[in-house]
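J.: Chains as they are written, first to last, in my numbering: chain U, 10 to 455; chain W, 43 to 142; chain H, 38 to 317.
These aren't lab readings, by the way, just hints derived from the structure by calculation.
Quick reminder that beta carbons are idealized off the backbone N, C-alpha and C, glycines included.
Hints are not guaranteed to be accurate.
As the list claims (entries may be wrong) - Listing some non-contacts, in silico: residues in chain W with all C-beta distances to chain H over 12 angstroms:
1) Arg-64
2) Tyr-107
3) Gly-134
Unchecked claim - Label-pair restraints from in silico Cβ distances:
4) W/Thr-83 <-> U/Ala-278: 55 to 65 angstroms
5) W/Glu-67 <-> H/Gly-64: 20 to 30 angstroms
6) H/Asp-185 <-> U/Gly-194: 28 to 38 angstroms
7) U/Thr-104 <-> W/Thr-83: 30 to 40 angstroms
8) U/Lys-191 <-> W/Val-72: 27 to 37 angstroms
9) H/Pro-99 <-> W/Val-72: 37 to 47 angstroms
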Amino acid sequence: MSNVATPAFGAPDFDAVVVGAGPAGSAAALELARAGRRVCLVERGPYPGAKNMYGGVVYGRILDTLLPNWWEEAPVQRWVTRRQTMILTETAATTLDVRNEAWGRPPYNGATAYRPDFDAWLAQKAVDAGAVLVCSTTVTGLLREDGRPDGKVVGVRTDRPDGDLTAKVVVACDGVNSFLAKEAGLYPTVDPANYTVGVKETIALPRDVIDERFGVRGDHGVDIEILGCTGDVPGGGFVYTNLDTVAVGLVLSLPELSRGDQRPEQLLARLKAHPAVAPLVEGGDVKEYSAHVIPEAGFDMMPELVGDGILVAGDAAAMCLAAGIWLEGVNFAIGAGAAAGRTAARAVQRDDTSAAGLAGYRARLESSFVLADHRRLRDAPHLVMGELAQQKMPRVVNGVVEELFTVTNPDPKPRLRTILRRQMKRHGVKWRDAVKDGLRAARTFG
Amino acid sequence: MAEPTHYPELSFESRMGSVEFRVAEQAHIVVDDRICADCSTRGCVVACPANLFVPTAAGGILFNYEQCFECGTCYLVCNEEGAISWSYPEGGHGVVFHRS
Amino acid sequence: MLVAACVKWADLRPEVDPVHGTVRSTGRSDGFSEADRAAVEVALGLAEGWGARVAVVCAGPPAAEAGLRELQAVGVDRAVRVDLAPDQPSEAVAASLAPVLSALLAADVVVCGDYSADRGSGSVPAYLAHLLGAEQALGLVGVAAHGDDGVAGVRRLDGGRREDVVAGAPAVVSVEGSVATLRRASLAATLGAGAAAVEVVPGRPDPRAEAPRTEPWRPRARHVAPPEGDDALDRVVQLTGAFVERTPPRTVELEPAEAAQAVLDQLRAWGYLEPPGRPD
Ligand SMILES: Cc1cc2nc3c(=O)[nH]c(=O)nc-3n(C[C@H](O)[C@H](O)[C@H](O)COP(=O)(O)OP(=O)(O)OC[C@H]3O[C@@H](n4cnc5c(N)ncnc54)[C@H](O)[C@@H]3O)c2cc1C
Ligand code: SF4
Ligand code: SF4
Numbered sequence: 010m011s012n013v014a015t016p017a018f019g020a021p022d023f024d025a026v027v028v029g030a031g032p033a034g035s036a037a038a039l040e041l042a043r044a045g046r047r048v049c050l051v052e053r054g055p056y057p058g059a060k061n062m063y064g065g066v067v068y069g070r071i072l073d074t075l076l077p078n079w080w081e082e083a084p085v086q087r088w089v090t091r092r093q094t095m096i097l098t099e100t101a102a103t104t105l106d107v108r109n110e111a112w113g114r115p116p117y118n119g120a121t122a123y124r125p126d127f128d129a130w131l132a133q134k135a136v137d138a139g140a141v142l143v144c145s146t147t148v149t150g151l152l153r154e155d156g157r158p159d160g161k162v163v164g165v166r167t168d169r170p171d172g173d174l175t176a177k178v179v180v181a182c183d184g185v186n187s188f189l190a191k192e193a194g195l196y197p198t199v200d201p202a203n204y205t206v207g208v209k210e211t212i213a214l215p216r217d218v219i220d221e222r223f224g225v226r227g228d229h230g231v232d233i234e235i236l237g238c239t240g241d242v243p244g245g246g247f248v249y250t251n252l253d254t255v256a257v258g259l260v261l262s263l264p265e266l267s268r269g270d271q272r273p274e275q276l277l278a279r280l281k282a283h284p285a286v287a288p289l290v291e292g293g294d295v296k297e298y299s300a301h302v303i304p305e306a307g308f309d310m311m312p313e314l315v316g317d318g319i320l321v322a323g324d325a326a327a328m329c330l331a332a333g334i335w336l337e338g339v340n341f342a343i344g345a346g347a348a349a350g351r352t353a354a355r356a357v358q359r360d361d362t363s364a365a366g367l368a369g370y371r372a373r374l375e376s377s378f379v380l381a382d383h384r385r386l387r388d389a390p391h392l393v394m395g396e397l398a399q400q401k402m403p404r405v406v407n408g409v410v411e412e413l414f415t416v417t418n419p420d421p422k423p424r425l426r427t428i429l430r431r432q433m434k435r436h437g438v439k440w441r442d443a444v445k446d447g448l449r450a451a452r453t454f455g
Numbered sequence: 043m044a045e046p047t048h049y050p051e052l053s054f055e056s057r058m059g060s061v062e063f064r065v066a067e068q069a070h071i072v073v074d075d076r077i078c079a080d081c082s083t084r085g086c087v088v089a090c091p092a093n094l095f096v097p098t099a100a101g102g103i104l105f106n107y108e109q110c111f112e113c114g115t116c117y118l119v120c121n122e123e124g125a126i127s128w129s130y131p132e133g134g135h136g137v138v139f140h141r142s
Numbered sequence: 038m039l040v041a042a043c044v045k046w047a048d049l050r051p052e053v054d055p056v057h058g059t060v061r062s063t064g065r066s067d068g069f070s071e072a073d074r075a076a077v078e079v080a081l082g083l084a085e086g087w088g089a090r091v092a093v094v095c096a097g098p099p100a101a102e103a104g105l106r107e108l109q110a111v112g113v114d115r116a117v118r119v120d121l122a123p124d125q126p127s128e129a130v131a132a133s134l135a136p137v138l139s140a141l142l143a144a145d146v147v148v149c150g151d152y153s154a155d156r157g158s159g160s161v162p163a164y165l166a167h168l169l170g171a172e173q174a175l176g177l178v179g180v181a182a183h184g185d186d187g188v189a190g191v192r193r194l195d196g197g198r199r200e201d202v203v204a205g206a207p208a209v210v211s212v213e214g215s216v217a218t219l220r221r222a223s224l225a226a227t228l229g230a231g232a233a234a235v236e237v238v239p240g241r242p243d244p245r246a247e248a249p250r251t252e253p254w255r256p257r258a259r260h261v262a263p264p265e266g267d268d269a270l271d272r273v274v275q276l277t278g279a280f281v282e283r284t285p286p287r288t289v290e291l292e293p294a295e296a297a298q299a300v301l302d303q304l305r306a307w308g309y310l311e312p313p314g315r316p317d
């Protein structure tokens, strides 16, 4: 993947080339096209979204400014009006259950959607604005000025015949494996501990069965995040409702997964068999199995965001907010992609797409939720993926609840304080650690 | 309420059969199993969601690229420098998701 | 000179319910099958050798036009969509394609995929050859140009044997998907493909196809007179025709062409074939 080539002479083919028609790339292309720049959006899948999977919920607030009234036309499955966080041990479950009917009305909050639908829809918005979309085309490397390996980026090479594409600026939105950001030298190191892999099944069930099982009606849906369901591997699980399918999956930390002896689908089968989950997902036909890697470490793993002639946005720059099981990546990708698109459009207009000319990108992100949230929630991944939250907390919580709700007549009821102390001791949780992580959590989420 | 039909739990083959792969002629991932012979961890074998890494009796690894999710797990967990050459398949080929 | 490829817009990955066996089309996976793509590649290859032009014709819905534009990027000179609803019988598809191929395009050689992906019978190319009065070579596993306008092909026979066939223009050939891999469009052609024009002509739907049959197919009842005779044995003999005079079976050993002629002659003698002559 290290093609260093001399670009053709003459004017570049486009003002900007955006690599990857995921949410980041389509948002970037949309903003560039709206600013009147000639932009080409290159996607390796046969259609946008063909290569992309995720858990299941898009948080659309970021679209309000880009595409007003987006909810009237976005390819949504269900609007999430019920969110649950489940904490499991092998035999027990404690669930926090939140309902909010306001989330089921404009301007809405979260929506389940299939990525092949959603990404294709967003890419079409960019095309409508004037971007040129080419699918089935893999970018294999960067073109450098004068063919020097450290020269300014002046385009990309694709795997099509006569496949070089020159541009004043390249926006790399090529997702978590971003070979472009790596080739551009923007990632210092790649540490597998910063990544998780997500696997999921999309299971078909009749619509009214889903309504009944999840306690929702019409186009309302449910989003369930699950802790304590991944055995010895740090991670979490999720269940999301689509119109006539349910998505159930796991997110698994790579180093521990590869050292363990349970394969992803085996861990997933265990989650599906859990007494708290089985009644929700059993009996359907699996329509699709899928897998994808997630950049998990957020702020601490982000690469340089700007190089000479190149910007990086979305998962390619590890901008997925993955506080363990709470995954927000699509909204961050759209936010970052739009900022990259605007920055690139300005830079082209001023005819300076050097690293200095593109430097405004970082400032734009710092002043938006993209980097502000990442900076603030910097510790969240470590907290949620740490041993305390993963192994001990689920046991303590379920132990406490069990003792609290088990009637022990004729013995008198124990005091909550006594139960808590007993459970923490049984599961080896030290007050010191609990307080330390508690404070860290308060600082992070508070 | 319509009763859901009960479908049997999936075999791994039918699990992978639910996924569309437009297989390219050229392999996008190549594993040099001479290097794998020296590998003690074999992380790829348990972690690859598509179960494409199969240890051989001779102590190497048998790898098939056809049913790959292109996720990146294998090169991230691989223990030995140079064992896996990883790239994306030719444009338009490889995995195609419909409902994910 | 013009080489035409006929392609069908079909659901390449319909959903099959594993318990009920029902088939559902989602529209997410429509496209041209491997065999049809191979047909386009064969057409391009033949045309290159002959210096001919290439057209591609698709009888299908408007959604097929996106696919036709991609084929134009690959190097097809002209794309025609014959507007026809899906699920038309092979006769209607062929009847819709034939006038386009003969009158509009004046195609010398027509290349089709062997079967369409959606449970096709592979009979469209045969109907086409019949309607165009063309020579046919169907189900080929290998194709090459033969002279200035002919096609030499290889066909599978039983028992792992192969047969070499030659069809001269006007010819209709159909190919298996393994025959060729469609070349990739260059980047520039792909960038320009969005603007390419697809001609649209109306099709000739089969009026009978409009009401789909919902009952299982049964052969039409035929009147058979009851056997006569008082004796059960007589009636059985009569029913089975055991002692009736008949033409005894005949074994002939002939070269393939003569054998085919002998079979045709016999069928004609029995009245199964219309007298020779080309229907319009
Ligand atoms: C299991 C899982 C669950 C998740 N759950 C959620 C969730 O519920 N909500 C949420 O908001 N986020 C979720 N995410 C995160 C979210 O999916 C990502 O953060 C988001 O998709 C990032 O968007 P992107 O545009 O940066 O990258 P991607 O969506 O990965 O898009 C990258 C695009 O670039 C293309 N591409 C890559 N390389 C090349 C190349 N060389 N040439 C051409 N094209 C190329 C790819 O085909 C792809 O279309 C989840 C992720 C996973 C894996
Ligand atoms: S982890 Fe790497 S070196 Fe080890 S067996 Fe797998 S591919 Fe080979
Ligand atoms: S990319 Fe993912 S699916 Fe493909 S071989 Fe590697 S781990 Fe397996």
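J.: Please go over all the hints and tell whether each is borne out by the structure.
T.: Each hint, compared with the structure:
no. : hint                                        : verdict
1   : Arg-64                                      : violated (9 angstroms)
2   : Tyr-107                                     : holds (17 angstroms)
3   : Gly-134                                     : violated (8 angstroms)
4   : W/Thr-83 <-> U/Ala-278: 55 to 65 angstroms  : violated (24 angstroms)
5   : W/Glu-67 <-> H/Gly-64: 20 to 30 angstroms   : holds (28 angstroms)
6   : H/Asp-185 <-> U/Gly-194: 28 to 38 angstroms : violated (57 angstroms)
7   : U/Thr-104 <-> W/Thr-83: 30 to 40 angstroms  : holds (37 angstroms)
8   : U/Lys-191 <-> W/Val-72: 27 to 37 angstroms  : violated (19 angstroms)
9   : H/Pro-99 <-> W/Val-72: 37 to 47 angstroms   : holds (42 angstroms)
When the structure is compared with the earlier hints, violations turn up for hints 1, 3, 4, 6 and 8 and for no others.
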